[in-house]
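Asks: Here are the chains, one letter per residue:
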Amino acid sequence: MTNYYGFYTLLAREIWRFLKVSIQTILTPVITVLLYLLIFSSVISNSRQMLPGIDYLTFLIPGLIVMAMLQNAFANSSSSLFQSRLNGNVIFVLLAPISDFEIYAAFVGAAIVRGVLVGAGVWLAACSFSLVPVKHPLYALAFTLFCTSSLGALGLVSAIIADKWDHISAFQNFVIVPFSFLSGVFFSIQDLPPFWERASHFNPFFYFVDGFRYSCLGVSEIEVGTSLKVSLIFFLLSSAWALWLLWRGYNLRS
Amino acid sequence: MNALEIENLSKNYGSLQALIEIDLSVAEGAFFALLGPNGAGKSTLINILAGLTRATSGTAEILGHDVRKEWRQARYKLGVVPQELAYDPFFTIREMLVLQSGYFGLGAGNRDWLDELLEALGLADKADTTMNHLSGGMKRRVLIAQALVHRPPVVILDEPTAGVDVALRERLWRFIRSLNRKGHTIILTTHYLEEAESMCGEIAILDRGRLVANAAKDVLLSRYRWRQLRLQLLPESRLELPAELALKQEAAPAGELLLRLHREQDHIGEVLAALDGAGVKFSDLRIHEPGLTEIYSELTGGGENND
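Protein sequence lines correspond, in order, to chains A and B.
2 is the number of the first residue of the first sequence in this note's numbering; add one for each residue after it.
1352 is the number of the first residue of the second sequence in this note's numbering; add one for each residue after it.
Pulled out of the complex, with its shape left as it was, chain A reads as follows (with noise of 0.2 Å):
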């Protein structure tokens, strides 16, 4: 038995939390990576090929658009389920007959459509800067997807495991944005020295931006279908962790 509406009312409530507050929620991020875009595009010459056929403007937007959609998609299931436990609110969801797979697809999927609008948000926008086509939807589909549902999944349990709000910034600003930064977003891998060219392919992060470019740009540093795999193992993966965490009822249920 599937209680289909308390899943989709749960899910609801997440989309809904996070609409009443867009300005933080939406607005800021698109506006913060523009800002990204405007520092970058100007600091370096866009003259220069990233990839072949590819300046640097528009090698920069898909990995930009990619960032953002991973670091909002963490900051959503992360700080709302964080802030119930902490006001004692999650009881609410405890309480009611919602499984544990019920939870996690709720707020797993409210972080794919907040980091979907933003990534959208960041696309519409940087498009004034340079039309970035998608030249394979159903990989810009497939990598937006694991991107969003894999970090929404981190953020489950970073909120499950954290006791304070330093603990989520710590797993914010010591992980998350540091992979972020370092999987390729601004350069290409294959610009550093060999020993930081290798530890790259140890982020998951650069498959789902080197996917994901390769989607719109229809080029890439590495085999795409590699990056769908290791995509698709590290969502298996972040996911598994967050439903065993919630299956013990790990800092929820006693």
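Calculated directly from the structure, the hints in this document are not laboratory data.
For each residue, glycine too, the CB sits at the ideal point set by N, CA and C.
Honestly, I wouldn't trust all of these hints.
Each pair of labels, with its calculated beta carbon distance range [stated by the list, open to error]: (1) A:20 <-> B:1458: 18 to 26 Å; (2) A:135 <-> B:1473: 50 to 58 Å; (3) B:1525 <-> A:252: 37 to 45 Å; (4) A:130 <-> B:1473: 53 to 61 Å; (5) A:44 <-> B:1483: 41 to 49 Å; (6) A:238 <-> B:1648: 53 to 61 Å; (7) A:22 <-> B:1359: 44 to 52 Å; (8) B:1459 <-> A:89: 26 to 34 Å; (9) B:1366 <-> A:2: 34 to 42 Å.
With the hints as your guide, set chain B onto chain A.
Replies: Just chain B now, with coordinates in the frame of chain A:
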């Protein structure tokens, strides 16, 4: 079928035994009080029923549904008013009720009932404000409304009147009594023993994880064998009591005489005659029959019931 059926239920937190082999049944439609001092295990028991805590061993059923194996059905049958004043800062009261109703699978068809709840609990004029702007008593009423959105046949109220003023408390009790009259089973924890005594037909007392009493209120009260006779003495009264009464004398303020009498063996008429014979003169007398407070103190070693 019983509203609640608990068998051999234990809960350990490491070496701490929060609940020890609890066996408890609550009949459908009962108004049941669950009492006990701090750390007695009341909240642990409620949390197990609500699915917030997992028992170490034993079983608990709500209207025949095991809270672990048939957790979904059990939760549909149960409404819990938590002790803590938790609320969602993003949403208005009406929105919170709509969401809570949706979590239980109820959509637009349930809106009339939500309006009814808002009206009955005196929240209608505050329905479109967030809870940040409400007093403690109002917040408590919202929690009650949230617990009732799905019309649960079994309702657990964990300290529903904690921090609530007298007038509001009376209003809440009226509402809860009306729920009980409509057939809802009410399970209540409170630290106001007089409220439990006046409202509940069945009473269970937990102490240090063990169930030390579980009976109908009248049966429980009849177990206490003592009552007090308090006399307001006249100035000319003699103060020396016959030996058999002196044994029953308890400490009292100056000008009063206090006797602890056995409810069956000491007959008031005979005691008064003996006092008269001893020259004890009094202007007034009062008999204090035992209440829940005395039973509670005896069973829990006088522990405070303020969990």
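Asks: The structure should be examined with respect to each hint, and the outcome stated for every one.
Replies: Hint-by-hint comparison with the structure:
no.	hint	in the structure
1	A:20 <-> B:1458: 18 to 26 Å	holds, 20 Å
2	A:135 <-> B:1473: 50 to 58 Å	holds, 55 Å
3	B:1525 <-> A:252: 37 to 45 Å	holds, 38 Å
4	A:130 <-> B:1473: 53 to 61 Å	holds, 57 Å
5	A:44 <-> B:1483: 41 to 49 Å	holds, 45 Å
6	A:238 <-> B:1648: 53 to 61 Å	holds, 57 Å
7	A:22 <-> B:1359: 44 to 52 Å	holds, 49 Å
8	B:1459 <-> A:89: 26 to 34 Å	holds, 28 Å
9	B:1366 <-> A:2: 34 to 42 Å	holds, 38 Å
Taken one by one, the earlier hints all hold for this structure without exception.
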